[in-house]
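Asks: These are the residues of each chain, in order.
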Amino acid sequence: MNPTLFRLPGCSQIALELADGVLHLTLNRPAQRNAMTQTMLGEIDAALDAVAPHETVRAIVLRGAGGHFCAGGDIRDMQAAQDAPVAGAADPLFALNRAFGRLVARVDAAPQVVIACLEGAVMGGGLGLACVSDIAIADRAARFAMPETGLGLPPAQIAPFVVARIGLAQARRLVLTGAALDGAEAARLGLVHFVTDEPEAMAERLREQLTRVRRCAPRANRVSKDLLLKVGAMERDALLDQAARSFAEAVRGDEGREGARAFLERRLPSWAAAD
Amino acid sequence: MNPTLFRLPGCSQIALELADGVLHLTLNRPAQRNAMTQTMLGEIDAALDAVAPHETVRAIVLRGAGGHFCAGGDIRDMQAAQDAPVAGAADPLFALNRAFGRLVARVDAAPQVVIACLEGAVMGGGLGLACVSDIAIADRAARFAMPETGLGLPPAQIAPFVVARIGLAQARRLVLTGAALDGAEAARLGLVHFVTDEPEAMAERLREQLTRVRRCAPRANRVSKDLLLKVGAMERDALLDQAARSFAEAVRGDEGREGARAFLERRLPSWAAAD
Amino acid sequence: MNPTLFRLPGCSQIALELADGVLHLTLNRPAQRNAMTQTMLGEIDAALDAVAPHETVRAIVLRGAGGHFCAGGDIRDMQAAQDAPVAGAADPLFALNRAFGRLVARVDAAPQVVIACLEGAVMGGGLGLACVSDIAIADRAARFAMPETGLGLPPAQIAPFVVARIGLAQARRLVLTGAALDGAEAARLGLVHFVTDEPEAMAERLREQLTRVRRCAPRANRVSKDLLLKVGAMERDALLDQAARSFAEAVRGDEGREGARAFLERRLPSWAAAD
Chain S
1 MNPTLFRLPG
11 CSQIALELAD
21 GVLHLTLNRP
31 AQRNAMTQTM
41 LGEIDAALDA
51 VAPHETVRAI
61 VLRGAGGHFC
71 AGGDIRDMQA
81 AQDAPVAGAA
91 DPLFALNRAF
101 GRLVARVDAA
111 PQVVIACLEG
121 AVMGGGLGLA
131 CVSDIAIADR
141 AARFAMPETG
151 LGLPPAQIAP
161 FVVARIGLAQ
171 ARRLVLTGAA
181 LDGAEAARLG
191 LVHFVTDEPE
201 AMAERLREQL
211 TRVRRCAPRA
221 NRVSKDLLLK
231 VGAMERDALL
241 DQAARSFAEA
251 VRGDEGREGA
261 RAFLERRLPS
271 WAAAD
Chain A
1 MNPTLFRLPG
11 CSQIALELAD
21 GVLHLTLNRP
31 AQRNAMTQTM
41 LGEIDAALDA
51 VAPHETVRAI
61 VLRGAGGHFC
71 AGGDIRDMQA
81 AQDAPVAGAA
91 DPLFALNRAF
101 GRLVARVDAA
111 PQVVIACLEG
121 AVMGGGLGLA
131 CVSDIAIADR
141 AARFAMPETG
151 LGLPPAQIAP
161 FVVARIGLAQ
171 ARRLVLTGAA
181 LDGAEAARLG
191 LVHFVTDEPE
201 AMAERLREQL
211 TRVRRCAPRA
221 NRVSKDLLLK
231 VGAMERDALL
241 DQAARSFAEA
251 VRGDEGREGA
261 RAFLERRLPS
271 WAAAD
Chain Y
1 MNPTLFRLPG
11 CSQIALELAD
21 GVLHLTLNRP
31 AQRNAMTQTM
41 LGEIDAALDA
51 VAPHETVRAI
61 VLRGAGGHFC
71 AGGDIRDMQA
81 AQDAPVAGAA
91 DPLFALNRAF
101 GRLVARVDAA
111 PQVVIACLEG
121 AVMGGGLGLA
131 CVSDIAIADR
141 AARFAMPETG
151 LGLPPAQIAP
161 FVVARIGLAQ
171 ARRLVLTGAA
181 LDGAEAARLG
191 LVHFVTDEPE
201 AMAERLREQL
211 TRVRRCAPRA
221 NRVSKDLLLK
231 VGAMERDALL
241 DQAARSFAEA
251 VRGDEGREGA
261 RAFLERRLPS
271 WAAAD
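Protein chains in written order, with the working numbering: chain S, 1 to 275; chain A, 1 to 275; chain Y, 1 to 275.
There's no promise every hint is true.
As the list claims (entries may be wrong) - Pairs of lysine to any residue, SDA-like flavour, derived with a Cα cap of 20 Å:
{"hint": "1", "chain 1": "Y", "residue 1": "K230", "chain 2": "A", "residue 2": "A52"}
{"hint": "2", "chain 1": "Y", "residue 1": "K230", "chain 2": "S", "residue 2": "A95"}
{"hint": "3", "chain 1": "A", "residue 1": "K230", "chain 2": "Y", "residue 2": "A52"}
{"hint": "4", "chain 1": "S", "residue 1": "K230", "chain 2": "Y", "residue 2": "Q170"}
{"hint": "5", "chain 1": "A", "residue 1": "K230", "chain 2": "Y", "residue 2": "A233"}
{"hint": "6", "chain 1": "A", "residue 1": "K230", "chain 2": "Y", "residue 2": "G232"}
{"hint": "7", "chain 1": "S", "residue 1": "K230", "chain 2": "S", "residue 2": "R102"}
{"hint": "8", "chain 1": "Y", "residue 1": "K230", "chain 2": "Y", "residue 2": "A109"}
{"hint": "9", "chain 1": "Y", "residue 1": "K230", "chain 2": "Y", "residue 2": "R106"}
{"hint": "10", "chain 1": "Y", "residue 1": "K230", "chain 2": "Y", "residue 2": "A52"}
{"hint": "11", "chain 1": "S", "residue 1": "K230", "chain 2": "A", "residue 2": "E235"}
{"hint": "12", "chain 1": "S", "residue 1": "K230", "chain 2": "Y", "residue 2": "G232"}
{"hint": "13", "chain 1": "S", "residue 1": "K230", "chain 2": "Y", "residue 2": "Q79"}
{"hint": "14", "chain 1": "Y", "residue 1": "K230", "chain 2": "S", "residue 2": "M234"}
{"hint": "15", "chain 1": "S", "residue 1": "K230", "chain 2": "A", "residue 2": "V231"}
{"hint": "16", "chain 1": "Y", "residue 1": "K230", "chain 2": "Y", "residue 2": "V104"}
{"hint": "17", "chain 1": "S", "residue 1": "K230", "chain 2": "Y", "residue 2": "M234"}
{"hint": "18", "chain 1": "S", "residue 1": "K230", "chain 2": "S", "residue 2": "R106"}
{"hint": "19", "chain 1": "Y", "residue 1": "K230", "chain 2": "Y", "residue 2": "A145"}
{"hint": "20", "chain 1": "S", "residue 1": "K230", "chain 2": "S", "residue 2": "V104"}
{"hint": "21", "chain 1": "S", "residue 1": "K230", "chain 2": "Y", "residue 2": "A233"}
{"hint": "22", "chain 1": "S", "residue 1": "K230", "chain 2": "Y", "residue 2": "K230"}
{"hint": "23", "chain 1": "S", "residue 1": "K230", "chain 2": "A", "residue 2": "R236"}
{"hint": "24", "chain 1": "Y", "residue 1": "K230", "chain 2": "S", "residue 2": "N28"}
{"hint": "25", "chain 1": "A", "residue 1": "K230", "chain 2": "A", "residue 2": "G167"}
{"hint": "26", "chain 1": "A", "residue 1": "K230", "chain 2": "S", "residue 2": "M234"}
{"hint": "27", "chain 1": "Y", "residue 1": "K230", "chain 2": "A", "residue 2": "A105"}
{"hint": "28", "chain 1": "S", "residue 1": "K230", "chain 2": "Y", "residue 2": "G167"}
{"hint": "29", "chain 1": "A", "residue 1": "K230", "chain 2": "A", "residue 2": "A105"}
{"hint": "30", "chain 1": "S", "residue 1": "K230", "chain 2": "S", "residue 2": "D241"}
{"hint": "31", "chain 1": "A", "residue 1": "K230", "chain 2": "A", "residue 2": "A52"}
{"hint": "32", "chain 1": "A", "residue 1": "K230", "chain 2": "Y", "residue 2": "V231"}
{"hint": "33", "chain 1": "Y", "residue 1": "K230", "chain 2": "S", "residue 2": "Q170"}
{"hint": "34", "chain 1": "Y", "residue 1": "K230", "chain 2": "A", "residue 2": "A233"}
{"hint": "35", "chain 1": "A", "residue 1": "K230", "chain 2": "A", "residue 2": "A110"}
{"hint": "36", "chain 1": "Y", "residue 1": "K230", "chain 2": "A", "residue 2": "A110"}
{"hint": "37", "chain 1": "A", "residue 1": "K230", "chain 2": "Y", "residue 2": "G167"}
{"hint": "38", "chain 1": "A", "residue 1": "K230", "chain 2": "A", "residue 2": "T37"}
{"hint": "39", "chain 1": "A", "residue 1": "K230", "chain 2": "S", "residue 2": "V231"}
{"hint": "40", "chain 1": "A", "residue 1": "K230", "chain 2": "S", "residue 2": "Q170"}
To be clear, the hints were calculated from the coordinates, so they are not data collected in a lab. Source: prediction; values computed, not measured.
If we strip away everything but chain S, and leave its shape as in the complex, we get:
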């Protein structure tokens, strides 16, 4: 399927660009350090919808405009939600908060490889998003923290994703003290995979990782990511049964056959050609 055959949604708080099979998604409220609003959540959701079915879109690169990744939830947006008339049973604060958790879960499970480029503030919900990337590259001077409890609030929707990322032992200290980490400390805790020292080095690391992603077969990557995310959520033998069915299907499928041929012919497989 040709990536030019589908349309990206119109957006006001994020910027979208599709190039070489990569969706570049930039949080775009630089004056608010890209603090997230309900509008922004909806726009990210629509962008994920647009690319989800397209195997030609191999990766999604998440970034923030203006030197910060994301400062968390927008307090003014939250106050607006709080002041909204509670027509019917729904609590707007509950709904706003819960919607954010659904988005994080959705980014976690995106069929594409999600790469986060992390600079400046990576706070609260922004840290939650960073925790569900497949590849995270951090600027050494980036600042990771969950300041919620200092504001009298729990880091409600990101707690499970932070624990899944860095483990309970590190999560409990960070949440209960509001401590901040720089890029190197985030790498040491396994929150990010790479640390770079300047924008050009980050761009170079990103190019390298995208090259690697393109050498992996699109459908095999989708199937593999789905398997990895089911570990712990499914009984192990049932998961291994499902995995063996996926394996047999892949060997017989076009990717498996092309992969075996390319291996024997000592050449790159067709899906790596876009490089």
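Assemble the complex: chain S is given as a structure, and chains A and Y must be docked to it using the hints.
Replies: Showing chains A and Y alone in chain S's frame:
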């Protein structure tokens, strides 16, 4: 609630001191390197009971008297339990062992922030206790080990807490070889958060961490810790629903309102005043 | 039970040697970098069967012949399975893949302490095997990778074991990019415990670890490993109940009594005598 309005229990094997919203709980059998007995377990339990309902008590600092944290279970106490007449169906060895696991689980879930200051021997059950702290500070020369299998016994009650803390890969090596770690190695494995080189540096690190804890809202910290501990034990969507309810309640509660005001007025919130 | 009283199975693709209570199991297809076949899986299975009931066999050392640990599944073997007539309902590719997952799970749960000595290629299924060792020693120049998706296939049977070993955050990057790690990086991610710089250093580290294993009581080690592997798969209180029963039994058993006596008499326990 004024912390001076409740009484701490009388104790013979631990020492208790309440100051500035912090309960200092010191294992106090220095001649036995603070090896744990049934009496000591009961005293720790009573101390946790005494402070549990009090939001003014923000943290519990666990330490050992005399240069060691805790050498594990007291062998003489165990032999006494073994020799006790088995009246009724209960097995005293089973009961003694199981009671220790209940205490570790209880410290894990204490509503306060639990900070462990770890020196000298941190062995067996002592290592189990260290594994459920929210913040662990280790002396570089401290010695962490699970020597149980060398004595012909399984590290029965601490196994799940050690795996939760450092992962299965590290736990299986340490348990099956009885290997010892120093403070720096314990930090590398994520068993502790900080390493210090002398008592004064440990005291300074503790003061710093207590200052951080006081900047976090008491109820928000309780709610957050509860959420973190439920990750993995509850289905994720159900946990996120509960988290969103806690969030909405916190925004509307006194802490959330004070947190928002303090943020806008660029001042410390009221709960940080005790500093 | 005398280890000389049982027979090791005859093998063509692995080599077996039993000495001093240690089964040395060497993957032995050096010309194929020890790539795994159905025959090899069957031979490993038979070797594990032979030693499983014998408490005198304290450890299993896994190695590869000829400078490589294991390059993964043998592609020719897979193609042969693919071409096999599908008599009855069974899919031979499904069966071959699933059989490998069963073997990895079985090595994970082997009652002996499993030590992996990792050199050269530690790829795909070979990396899966490394992930279920109790102690892993890697040559600094060893090369760890999951190249499956580059061949159009998912790393189907090893996914849960890799996630259990190094966590989801690291596993997703490695699987979705096919990235390779050397021994030092594998240690940093917790995939292995030790890194050595030359064969003699690896042999020395292995001797040291075997000495440590022998100081741990054979039955206590079996019981402890079983407990550790049940963490997360069983409800915690039920696991702690079972653990307390094992503890009480061990205290009263021959190992517990010998352990206590040796401790009081300041001597090595009987099971360490083989040293």
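Asks: All hints are to be evaluated individually against the structure, with a verdict given for each.
Replies: Here is how each hint holds up against the structure:
no. : hint              : in the structure
1   : K230(Y) x A52(A)  : violated (31 Å)
2   : K230(Y) x A95(S)  : violated (38 Å)
3   : K230(A) x A52(Y)  : violated (37 Å)
4   : K230(S) x Q170(Y) : holds (15 Å)
5   : K230(A) x A233(Y) : holds (16 Å)
6   : K230(A) x G232(Y) : holds (13 Å)
7   : K230(S) x R102(S) : holds (17 Å)
8   : K230(Y) x A109(Y) : holds (10 Å)
9   : K230(Y) x R106(Y) : holds (14 Å)
10  : K230(Y) x A52(Y)  : holds (19 Å)
11  : K230(S) x E235(A) : holds (13 Å)
12  : K230(S) x G232(Y) : holds (15 Å)
13  : K230(S) x Q79(Y)  : violated (28 Å)
14  : K230(Y) x M234(S) : holds (15 Å)
15  : K230(S) x V231(A) : holds (15 Å)
16  : K230(Y) x V104(Y) : holds (16 Å)
17  : K230(S) x M234(Y) : holds (18 Å)
18  : K230(S) x R106(S) : holds (14 Å)
19  : K230(Y) x A145(Y) : violated (28 Å)
20  : K230(S) x V104(S) : holds (16 Å)
21  : K230(S) x A233(Y) : holds (15 Å)
22  : K230(S) x K230(Y) : holds (19 Å)
23  : K230(S) x R236(A) : holds (12 Å)
24  : K230(Y) x N28(S)  : violated (46 Å)
25  : K230(A) x G167(A) : holds (17 Å)
26  : K230(A) x M234(S) : holds (18 Å)
27  : K230(Y) x A105(A) : holds (17 Å)
28  : K230(S) x G167(Y) : holds (13 Å)
29  : K230(A) x A105(A) : holds (13 Å)
30  : K230(S) x D241(S) : holds (13 Å)
31  : K230(A) x A52(A)  : holds (19 Å)
32  : K230(A) x V231(Y) : holds (15 Å)
33  : K230(Y) x Q170(S) : violated (23 Å)
34  : K230(Y) x A233(A) : holds (15 Å)
35  : K230(A) x A110(A) : holds (13 Å)
36  : K230(Y) x A110(A) : violated (25 Å)
37  : K230(A) x G167(Y) : holds (19 Å)
38  : K230(A) x T37(A)  : violated (30 Å)
39  : K230(A) x V231(S) : holds (18 Å)
40  : K230(A) x Q170(S) : holds (15 Å)
In this structure, the hints that do not hold are numbers 1, 2, 3, 13, 19, 24, 33, 36, 38, in rising order.
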